[in-house]
Structures are given as C-alpha cells and as structure tokens.
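On the provided structure of chain A, position chain B as indicated by the hints.
Note that the protein sequences, when read in sequence, are chains A and B. Take 1 as the starting number for the first sequence in our numbering and just add one per residue. Take 1001 as the starting number for the second sequence in our numbering and just add one per residue.
Worth flagging that the hints you see were computed from the coordinates, not collected in a lab. Note that beta-carbon positions come from the ideal geometry of N, C-alpha and C, so glycine has one too. Hints should not be assumed to be uniformly reliable.
Reference excerpt, derived from the structure (chain B facing chain A, CB under 10 Å, subset only) [as the list claims (entries may be wrong)]:
id: 1; residue: Gly1030
id: 2; residue: Phe1223
id: 3; residue: Leu1236
id: 4; residue: Thr1242
Here are the simulated EDC-like cross-link-like pairs (lysine to aspartate or glutamate), alpha carbons at most 16 Å apart as the crow flies [to be verified]:
id: 5; chain 1: A; residue 1: Lys113; chain 2: B; residue 2: Asp1252
id: 6; chain 1: A; residue 1: Lys45; chain 2: B; residue 2: Glu1338
id: 7; chain 1: A; residue 1: Lys113; chain 2: B; residue 2: Glu1132
id: 8; chain 1: A; residue 1: Lys202; chain 2: B; residue 2: Asp1308
id: 9; chain 1: A; residue 1: Lys45; chain 2: B; residue 2: Glu1230
id: 10; chain 1: A; residue 1: Lys114; chain 2: B; residue 2: Asp1252
id: 11; chain 1: A; residue 1: Lys207; chain 2: B; residue 2: Glu1027
id: 12; chain 1: B; residue 1: Lys1233; chain 2: A; residue 2: Asp138
id: 13; chain 1: B; residue 1: Lys1233; chain 2: A; residue 2: Glu163
id: 14; chain 1: A; residue 1: Lys207; chain 2: B; residue 2: Asp1275
id: 15; chain 1: A; residue 1: Lys118; chain 2: B; residue 2: Glu1132
id: 16; chain 1: A; residue 1: Lys232; chain 2: B; residue 2: Asp1252
id: 17; chain 1: A; residue 1: Lys225; chain 2: B; residue 2: Asp1275
id: 18; chain 1: A; residue 1: Lys45; chain 2: A; residue 2: Glu127
id: 19; chain 1: A; residue 1: Lys114; chain 2: B; residue 2: Glu1027
id: 20; chain 1: A; residue 1: Lys232; chain 2: B; residue 2: Glu1338
id: 21; chain 1: A; residue 1: Lys144; chain 2: B; residue 2: Glu1027
id: 22; chain 1: A; residue 1: Lys114; chain 2: B; residue 2: Glu1132
id: 23; chain 1: B; residue 1: Lys1203; chain 2: A; residue 2: Asp229
id: 24; chain 1: B; residue 1: Lys1254; chain 2: A; residue 2: Asp229
id: 25; chain 1: A; residue 1: Lys113; chain 2: B; residue 2: Glu1134
id: 26; chain 1: B; residue 1: Lys1334; chain 2: A; residue 2: Asp27
id: 27; chain 1: A; residue 1: Lys118; chain 2: B; residue 2: Asp1046
id: 28; chain 1: A; residue 1: Lys114; chain 2: B; residue 2: Asp1255
id: 29; chain 1: A; residue 1: Lys114; chain 2: B; residue 2: Asp1046
id: 30; chain 1: A; residue 1: Lys118; chain 2: B; residue 2: Glu1134
id: 31; chain 1: A; residue 1: Lys232; chain 2: B; residue 2: Asp1255
id: 32; chain 1: B; residue 1: Lys1331; chain 2: A; residue 2: Asp27
Chain by chain, the residues:
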Amino acid sequence: MQELIKRAKELLADGTVARVLGWKIGDMPYNPEPAFFETAESLDKFVYNGFCGANLSKYMIEASKLEGKTLVCLKPCDSYSFNQLLTEHRVDRDKAYIIGVGCKGKLDIERIKKTGIKGIIAINGAEMTDACDTLAIDTIYGQKSCSYSDGMLERCHVCKGKEHKIYDELIGESRDTCDKERFAEVAKIEAMSPAEKFEFFKAELSKCIRCNACRNVCPACSCRKCVFDSTKFDSAQKANVDSFEEKMFHIIRAFHVAGRCTDCGECSRVCPQGIPLHLFNRKFIKDINEIYGEYVAGAEAGSRAPLVNFTTEDAEPSIVNERGSK
Amino acid sequence: MYKIAKENLASLFALINETNELYLPVEVAGQTNFAAYTADAKFDLDTLKTVKSPKDVFFPQSETLYTCNKEDNKLKITPEALVDAPFVVFGMKACDIKGIEVLDRVFLSDPVDSFYAARRANGIIVGLACHEPEESCFCKVFGVDCTEPAADVATWMIEGELYWKALTEKGEKLTEAVKSLLTDACEAKVEEERSAVKAIVEKLPYSNLSLEGWNGDVLTERFNDALWQELYKPCLACGTCTFVCPTCQCYDIKDYNTGNGVQRYRCWDSCMYSDFTMMAHGNNRNSQMQRFRQRFMHKLVYFPANNDGMYSCVGCGRCVDKCPASLNIVKVIKAFSEKGDK
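Only chain A is shown next, with the shape it has when bound in the complex:
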C-alpha cells in the first residue's frame, strides 16, 4: 500500500494524473469507501486492504468526463469490467492511468458476521502485507478468529485469475484464491425439477426490496437512464407491484447484461438481502460457453461477444428447443 501511495503522489506531482481513484479508510475496520484524491495530503487517508472489494471501474464513466487523467486502481477482476466498458465506449482509455493492484482475495463482512462474530472493534490480518490466512478479530464480546477463506466473497472462491487484462503499471502481488468450480452452483440449480427451481428463486427473489443496488453498482448496467426509472413506463423502479414483477426485474436485468457481464460479482456483494444474483448471470455465461464456445467478457477490449456477432458456425435456433426440452 505504501508503494501505491508513493507512486500516486509522484504521478499527481508530475502532472500525469489530476486525481486518484482508490479507497479511503473507513471508521470501522471493514468499511473503506471508494474515493477520489486530488492532493498528496489527502492520500494520507488512502487505504488498500482485504476490504477494498468495491469495483472502481464504473466510477470511471463519470471520471472520463473530467479534465485530465484519473489514476484508477483496478484489481485483476475489475480490469475485465474496465475492458468491457471500453468495448462499449462508456469510458475513455486516454483519461485513465491504470494501476493494476495485487489481490489476495477480498473479504465480505457479512460472511464474517455470519460465522457468529459480532461487536467488531478491530480486524488484524487483512492488510496486503499480511499472510491473509487468518483474521484475528477483537470484539466487544472477546477475541475471535475467522479463516481468511471463510470470510472471502463468493466471487473470490471462483476467481478468474491473477492476471490484469489492462493496465499501465502493476503494483503488488496477487495470489490464487480459486478453490471452487465456477459453474457448480449453476449446475446444481439446472439439475433441479422445474418446481424446485421455482421455489428456490421465489424464496430468494421475494426478499428483494427494489433498492436497485445491484443495478447501480453493475458495470454492465451503464445506461444513462434505466428503463425502470422512466416515469412513462407502466412499471415502477421502487416497488414490486406484484410477485411477477419482483421476479421479472432481475430476469430482465440478467438478459440485458447477458454476454456483457464479466461475472465481477458486485451484484451479490451489495445486495442487502443476500440474494445470489450472480447465479442468473453465470447461467447465461455457462450457456454461452456451451452453445458458442468459451467466451470471457472483458478479457479483451473490443472483442465481439457471441450474442452480438454472427459466424456461419453459430448454433442453429433449434438448439434452444433441444436444450430447453431436457
């Protein structure tokens, strides 16, 4: 982190960048917030540790409209989102100075708390210089511990890899955190009977409060005005008028980002009700891979996604029928 701050100060001082987009230290051990830093002094509050899960690439849409370059810190998975935004002409490459930051897996405070730890005062073991295998947690109710892996976000257990797909320079080491099969959860749901599937999604989606956090955090949801925010639309963005709509919002959103979703996992990270929203997107990714061949959105800027491309080898529409009838 010190190296990162030092480099950011240099780039600010020599005028390469006008501002730094990173994370600012929180008032709890686990709540740093995305922040813009414009002066060397303000960087005293810069932090980069295991709790910096927020994907900063979407903030670059607004930052691309500002004067001068923005230094943006991207983790390996964030770099896929940035590439996808480049592909969609939503961010300006010339306005970004990308520092690819190392990642040892990001933590999810909700998961840590689900292990029964409460009244957290301090957390040790989440700094980039730490081994990041165990978290020692001081609480009002005594000293607790949690394995780093148990506290990690779901997405880190199925990490796409340590490689940054776009960057100007790299700072910090990354490590492999992938210890689960990425499509295992999807396959489990595919194996359910239609009634079981319906029950599963009904229980999950009935929790939705239409806060739109999933949509607003999603780098693929970058429409300047979402159709659900339109006052001329017969649906509302802030309430489910019926149980049909409560399901449809998420299904429509999943269709809209199909082929563009990089599986960054932000939707599930931010959902206040813990709905595993990534499963919808991952189902589409799995289907695309199976029908059109492996495709990773955001692995390369400017790539043509199977759903917006045409090749003579493309699957015939009948395949949908065949797969659906299984």
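Below, chain B alone, put in the same frame as chain A:
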C-alpha cells in the same frame, strides 16, 4: 412480570395468532425480516437486526389506496378497506419502536393518514430488549434505551427464557389472553440483564457520537456547505439506506394499469432516486449531490426544525451495515465534526 421458556414460544405464537394477526421476525433464504406468522414459518428472535426495519407492518412498502374499474361504461371507485382488527408485532427492538414514534409525527399530524392511523390503533407492539448490541448500533445517541423497549409489552430473552412485562393497557389485555402459557417471574434477573447490556452499550464505538451542531437552526449554512460535494461522490444512488431505514417515510403515489381499470397505490420512495419528488415542471433536485444532501439534512436538520428538536434517525445502524459504498449517516456526522463545523 412473567416468563416463558424459549422452546414454548411456538405455542405462544400459535395462541396469539388464534385471535390476532401476528408479525414476527422470520427467516427466509438466510435473511431475517418481519413477516406474517404461518405455522411453518422459521421464526428467528436471535438475529439482532432484521434486514428491513419492521416499519412496513405499519407503513407497507407498497399498498393500494383505491381501485377504479369500468363497469357497464361507468367508473366504479372502491376505496381500500382500513385495517380494523387488532394485530400483534412481536420482537420489535427499542430503536425500531422509536422509529415508529418518528413516523407518528408525520402520519398522525394533521392531515392524519387514515391507513397508517388504522394500523397504529390496531397494532399491539411486543418489544424485545437487545441482548448483544453490535458495533454499528448507536441508539444511545438518540436517547433510546435498548434494554427496555417502550412497547405495549416489553420482553427480554435471558438464558433460554423470555421475560414478559406488560407496560400499557393493550399490553395487559394481550397478557391476559396468553396467561395460560406464562409463569410468574421475578424482576431481579431482568435488572441484572439490563445493567450488563447497558455496560456493553457504553463500549460501542458509536455510542458517544456527538450531534453537536446538528439542529433545526443551521439550515442555510449546512445546506450550502462545500463538504457535500465531497461526501456524495461514492454514492451509487441506490435506495438501500432509505429502504432499510426505520424512519424514512417518503412515498410516491402511482397508478397500476390493471387492463380495465387502475389500482392507485403508494410505495416507499427514496430521495436517492432520480424521480424523487418530480413534479409537472420537472425535478427540483437534479444532481446526486442534492439528493444525497437531502437525506441527511432531512434527518438531522429539517425534521428537528419541524418536530421540537426530534431527529429522524434512531441509531439502528442498518445503513451503516448495508450501504454498498460504505457511506452512512455516522460518516457524514463525523465529517462535519472533523471539519470543525460544529
């Protein structure tokens, strides 16, 4: 003072539900929220904070106000019936009950909101004292005593037993109705629990948060403060903070086209949303900075200005726990204090 063993709570709930509709914290797909009782519902009194506050028992996220239908070329308007049967909300925490006090100020002031007033008149609140408050709690700052919920019945969960004390006439009546399941208890255990929890509250990191400088008289200077330009930046403009909040009371009224009629309904609104308070002439807050500022100015300045100094925050800490960008009211209060803008 009475008590009942934790394992007999299922019978207690079944008994209450025989005569009153019952709402209580229920776990669905790993998350606990207030919901209507069903025999197979997985009730959960151990989770300190439900994701959403229980305010929607009194002020639902979405409710129909009236329905219009076309019948024989005539328009038929059917107003939605008001709640007219008593119901019980079991397990509300002291902060959430204080939240209802805030909502009362809005909905029971002239002109009285009849839908809300009917629910308040029929609702019987059984409060549950907090046992293990968490680091994001700061109810003490707003004068809330989490060890003694100001409800119709106050309860405490101590070592596998629920202690029960009626505090109002409504509470006495409910106690009579379920007395067959309660046994006598002495108050000493509860007093012991209360002082132990109060000692924990003192140790919570936000318990001594200073609200100095936040009142109804600082409107113009706070409104124009340049700090808002900094603070709002990470905000995603989602409605999480407003929808989990026990005091956020803004709503929108919309029409739902049913094909041959219209359902006029109201639903929670969020000042974070782009169409918040939009009128025919457009929107009077057209930037996210203005919308972000609105939320905190409302809670800490406008509300006290209009309600004898009462803040419309109760320190439940849900926004602290849930904001996707880790922003919250505590950070806003601290940012102004640090700036020396007291």
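Comparing the hints with the structure gives:
| no. | hint | in the structure |
| --- | --- | --- |
| 1 | Gly1030 | holds, 6 Å |
| 2 | Phe1223 | violated, 23 Å |
| 3 | Leu1236 | holds, 4 Å |
| 4 | Thr1242 | holds, 8 Å |
| 5 | A:Lys113 to B:Asp1252 | violated, 35 Å |
| 6 | A:Lys45 to B:Glu1338 | holds, 14 Å |
| 7 | A:Lys113 to B:Glu1132 | holds, 13 Å |
| 8 | A:Lys202 to B:Asp1308 | violated, 44 Å |
| 9 | A:Lys45 to B:Glu1230 | holds, 14 Å |
| 10 | A:Lys114 to B:Asp1252 | violated, 35 Å |
| 11 | A:Lys207 to B:Glu1027 | holds, 10 Å |
| 12 | B:Lys1233 to A:Asp138 | violated, 31 Å |
| 13 | B:Lys1233 to A:Glu163 | violated, 29 Å |
| 14 | A:Lys207 to B:Asp1275 | violated, 24 Å |
| 15 | A:Lys118 to B:Glu1132 | holds, 8 Å |
| 16 | A:Lys232 to B:Asp1252 | holds, 15 Å |
| 17 | A:Lys225 to B:Asp1275 | holds, 11 Å |
| 18 | A:Lys45 to A:Glu127 | holds, 15 Å |
| 19 | A:Lys114 to B:Glu1027 | holds, 14 Å |
| 20 | A:Lys232 to B:Glu1338 | violated, 44 Å |
| 21 | A:Lys144 to B:Glu1027 | violated, 26 Å |
| 22 | A:Lys114 to B:Glu1132 | holds, 15 Å |
| 23 | B:Lys1203 to A:Asp229 | violated, 43 Å |
| 24 | B:Lys1254 to A:Asp229 | holds, 13 Å |
| 25 | A:Lys113 to B:Glu1134 | holds, 11 Å |
| 26 | B:Lys1334 to A:Asp27 | holds, 9 Å |
| 27 | A:Lys118 to B:Asp1046 | holds, 12 Å |
| 28 | A:Lys114 to B:Asp1255 | violated, 40 Å |
| 29 | A:Lys114 to B:Asp1046 | holds, 12 Å |
| 30 | A:Lys118 to B:Glu1134 | holds, 6 Å |
| 31 | A:Lys232 to B:Asp1255 | holds, 11 Å |
| 32 | B:Lys1331 to A:Asp27 | holds, 7 Å |
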